[in-house]
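Construct the entire structure; sequences and hints are all you get.
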Amino acid sequence: MFLGPGLKRDLSIETKGLRRLFKGIPGKGDVVALDQVDLEVYDDEIFGLLGPNGAGKTTLIKILSTLLLPTQGEARIKGLDVVKQAPQIRRMINLVSGGETPGYGILSVKENLWFFSQLYGLPRDFAKDRITKLVDQLELQDYLNTRMAKLSTGYKQRLNLARGFVNDPALLFLDEPTLGLDVISARHLRTLVKGWIKTGGKTVLLTTHYMAEADQMCDRVGIINHGKILACDTPQRLKTKVAGGATWKIEITPNLSQPESVKSVQGVLGLSQNDNIETGITTLKLVLEDESVMSDLLSKIRDNGCKVLNMGKSEPTLEDVYISLVGTGLEE
Amino acid sequence: MAVADFVKSARESFRVGWKIESNWTDPVLFATYQIIRPLASLLIVAFIVIIGASVSAAGSLFYNQYLAWLIVGTAFYAYVLQAMLGMSLLVFIDRNRYEILKNIYISPGTLHPYIIGRGLVSVVNGTISVVLTLLFSEAIFNGVLHMNIPLNLLGVNLFMLIPAVILGIIGLLAIGYMLCALSIVANRMEFILGDSVSGIFFLLGGVIFPISLLPGPVQAISNVLPVTYFLNTVRESFGLLPVSNYTSDLALLGVTTLVALALGILVFRGAEQRARKLGLFDRKSEY
Amino acid sequence: MISGPTIRKDLSNNLRAAYARMWVRLRGSNRDPIALASEIGLPILTIGAYVILYHAIGLPASAGAAVIVGGAMIAFWTNVLWNMSSQWFWEREQGNLEMYMVAPVSRMSILLGMALGGSLNTAIRALGIVLLGIFVFQVPFQVRDPFSVGLVFFLTLAALYSLGMLFASLFMLYGREAWNTANLLQEPVYFLSGAYFPAIYAPIVPFGLQVAGSLIPMTIGLDAIRRLVINGASITSIWPEVLALIACILILFPLARHSLNYMESLGKKEGRLTLRWQ
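Residue numbers (this note's numbering), protein chains in the order written: chain V, 1 to 332; chain Y, 1001 to 1287; chain D, 2001 to 2278.
It should be emphasised that the hints constitute simulated quantities derived from the structure, not laboratory data. All values derive from a computational prediction rather than experimental measurement. Be aware that one or more of the hints could be misleading.
If you only want the chain D side, here are some residues facing chain Y, beta carbon under 8 angstroms, derived [unchecked claim]:
1. L2042
2. A2056
3. E2177
4. F2197
Ideal Cβ placement from N, Cα and C applies to all residues, glycine included.
Next comes the structure, spelled out in structure tokens:
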């Protein structure tokens, strides 16, 4: 729940001018993973970081979770500096990375969870109760005594999430948590996280490249590309900003041979194209400054040898926001 | 599968295997790495013999001859450690760590040349170890310590050595192939399998003492191991055992190698069937 | 300033983490009876080869006892190399290192847990090796001062596992190098520690080799244990070794702690803490 800019809320995460460089290929110079990132995430919100692979999402999470030092700038968790006060920060956080299953394959679900609870100093009986509760919530009861190595991908990820909740952190980092999960497991996970945040005093920083996930789960979304935060607001407000322009959906066949020529039309803010291999129809999603560019645009499409089958204005989505900011779709 | 394709796959696998084995460090450190382990093993037994000579009444000639016998046995045992153990760990590395065993298996006819190519990398590593160990031994015991050990590296009979080494390597690779197959179907056994077989070879293969010192029934096991005849024929090539036994030892090496090969193929086929039945090509060992 | 209760809570949390990591090691390693049997049985193959070699060159039966003690102690060295020194490498490959790094406990407590679990596990195996060795090879032992045996054994393990913690810290950022370095250190230490020799400090062993060997805590401890259990010596004759082992612990443990902090901070700076598939 986002209260709006007028109401001052406590900050869970705050970064100022955060920059991180990595050594690149010899002779090619350093790679800029994060570039002057200024970010504020409030208590009691699910904040989503949306961006393509290599945008800097995981680097940011690693810095915030004390795994990586920034090259420049400042990052604070609950007012504590990630560089100088890492031990204090670690008492309040946990991290769940999608596609990874920390733990020991030879140990059972229960044993793994007990082990991780001890890394957070949970007293024996308290840990036992917490594990029972988590196992119920994540529907892991039937697998309690199953060795981790024998779990399916979905159940491994549930175990991973249970591990993330085991210390009841004030701030949970979820790095692409639904990666590789089927639709039902992913939905289950989203419901759980949304339910958990409602218990109060919690914050979630979620990275994803699934637009719908960010739209459905997050109170606010930051769009990140090439290490820079391009926009940061509630999904609704971001969409409204785009709606100031015009979002169009045009179906063509065949696909664009030179999409760059369409993108370069004056007034086109962004373009994504989605090919349907079965029907041979390509759907273009366009974010335009206004509708006056339409005739130039259509003639460029025809220059590409394409036939327009259908066209119409569409409700702006988070994807349109992304297209307008980055210039292309996330899947491209 | 055409022979040309088989050779091409094996060659590519060799190239990849070589990179994996060697590109973690620079060539000098890699060469040092290849020599240090076998040299340390050799020095252990050499010092035991030197200590023995200091407290025993037997003449120094016996100990010098024994040392030469030991040096050759320990040096060539590097093939067991490198070639055979290298192959036995292949499954662990490619299935657990790099997660590519399944992809190799489903590509047409690649698994066998792949394993052979990777095995040959271990053979090259083993050869580097053997050559360096022999050179260092000569330099330390005869050069620095002036012990007059009857080991003449230049006097080795290559016509005897080369067939012995080729057959011995084939035998060890066949056993490595078998271990590789067993690793596919066994869980958490990759290290145990290799260590067990190399331990048995160390005890029963005549590496550091003649098998005649073993109790009778145990000697019977030594007599069916290719490594026994491999080390015998190699020592005969260096003139450290009677040359007159060479032909029979080589023949026995050939027979035991053939048996190892046949067993290797059989075990591999069985393991492959079982792995497909149970879906083990992409199963990681639990650790 | 940190308050008393916070220090107590931190200490309690770290002890819990150390206990949990020890528990994982004990649980994981003893779940598989084949592995347990092989870890006792396999060293007997090598020990057997050396006992027969001793016989071949005319050494007395007590030399066989020395090699059995050496073989049992080598089990600890192997454990230190593969389950301590290169452990962060395995943990990183499994995705666990990240979890240790974000947890509010000292990494030293995790290493301590590994060391306690590893030494307890290996002690069971070492005892098995000694008993099996005595049974199979019928070698003579004479223990006159069991307290001193226990003391030296404890100090040797503490020094050896402190060395393991130091190696673990130094190898923290290693990829395949961790595996290869562990492999590389295995046999040279067998040699330098004199584990398979009848005695490392015998006059015939070159002085340089004795000095190099003495840099490894196991060499010092092994020699003292051999004298206590084979020659029937008492504490009065092995007190220099006791002091040397205490010195090793006092140097190695803080050194391990410093290197762990340094390597962790270097890893965070260079972004190599979570880098896999190296």
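Now for the hints, and whether the structure bears them out:
1. For D/L2042, the shortest C-beta to C-beta distance to chain Y is roughly 5 angstroms, which falls under 8 angstroms, so the interface hint holds.
2. At a threshold of 8 angstroms, the smallest CB-CB gap from D/A2056 to chain Y is about 5 angstroms, leaving the interface hint in force.
3. At a threshold of 8 angstroms, the smallest CB-CB gap from D/E2177 to chain Y is about 5 angstroms, leaving the interface hint in force.
4. For D/F2197, the shortest C-beta to C-beta distance to chain Y is roughly 6 angstroms, which falls under 8 angstroms, so the interface hint holds.
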